[in-house]
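Engineer: With the hints as constraints, model all of the structure from the sequences given.
Heads up: the sequence shown begins at 1 in this note's numbering, then just goes up one per residue.
Heads up, some of the hints might be wrong.
As the list claims (entries may be wrong) - Pair by pair, the computed Cβ-Cβ distance ranges are:
1) Lys16 to Ile60: 50 to 60 Å
2) Lys16 to Ile71: 52 to 62 Å
3) Trp42 to Gly64: 20 to 30 Å
4) Phe35 to Ile72: 32 to 42 Å
5) Gly38 to Ser13: 33 to 43 Å
6) Thr36 to Ser13: 21 to 31 Å
7) Ser13 to Ile55: 45 to 55 Å
8) Ile72 to Ser13: 53 to 63 Å
9) Gly70 to Asn43: 22 to 32 Å
Simulated from the structure, these hints should not be mistaken for lab results. Glycine included, each C-beta is placed from N, C-alpha and C at the ideal position.
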Amino acid sequence: MLQTAQHYVTFLSVNKLTELKNMSDDNRNAWTFGFTNGAENWNGRLAMIGFVAAIAVELITGQGVLHFWGII
Numbered sequence: 001m002l003q004t005a006q007h008y009v010t011f012l013s014v015n016k017l018t019e020l021k022n023m024s025d026d027n028r029n030a031w032t033f034g035f036t037n038g039a040e041n042w043n044g045r046l047a048m049i050g051f052v053a054a055i056a057v058e059l060i061t062g063q064g065v066l067h068f069w070g071i072i
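Structural biologist: Here's what the structure looks like:
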């Protein structure tokens with residue numbers, strides 16, 4: 001009897017964890033304000049796009065980004 005009860009509690013815990021994971025996946029890419037997982041994902045994505053754009057400008061023009069904009 002005791003072993004059955006332990007498995008039952010474990011089963012309920014796994015179901016609850018699965019529910020929580022599914023809830024967080026639904027809102028993962030939403031635009032939210034503050035230090036949230038979605039905000040950090042978007043920050044990383046936009047940083048990667050900016051880095052690739054800077055490399056592309058340097059390869060195409062032969063100048064650094066600051067020289068290209070006329071800052072230096």
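Engineer: For every hint, state whether the structure bears it out.
Structural biologist: Outcome of the hint check:
The hinted range of 50 to 60 Å is satisfied by Lys16 and Ile60, whose Cβ atoms lie roughly 53 Å apart. Separation of Lys16 from Ile71 is about 54 Å and conforms to the stated range, judged on CB atoms against 52 to 62 Å. Checking the proposed 20 to 30 Å range against Trp42 and Gly64 shows it holds: the Cβ atoms sit about 27 Å from each other. The hinted window of 32 to 42 Å between Phe35 and Ile72 holds, with their beta carbons roughly 34 Å apart.
Here the CB-CB span from Gly38 to Ser13 is close to 26 Å, at odds with the stated 33 to 43 Å. The given range of 21 to 31 Å is respected by Thr36 and Ser13, whose C-beta atoms sit roughly 25 Å from each other. Range check, Ser13 to Ile55: about 47 Å between beta-carbon atoms, so the 45 to 55 Å window is met. At about 59 Å, the beta-carbon gap between Ile72 and Ser13 stays in the expected band of 53 to 63 Å.
The hinted range of 22 to 32 Å is satisfied by Gly70 and Asn43, whose Cβ atoms lie roughly 28 Å apart.
Consistency with the previously given hints fails for number 5 only.
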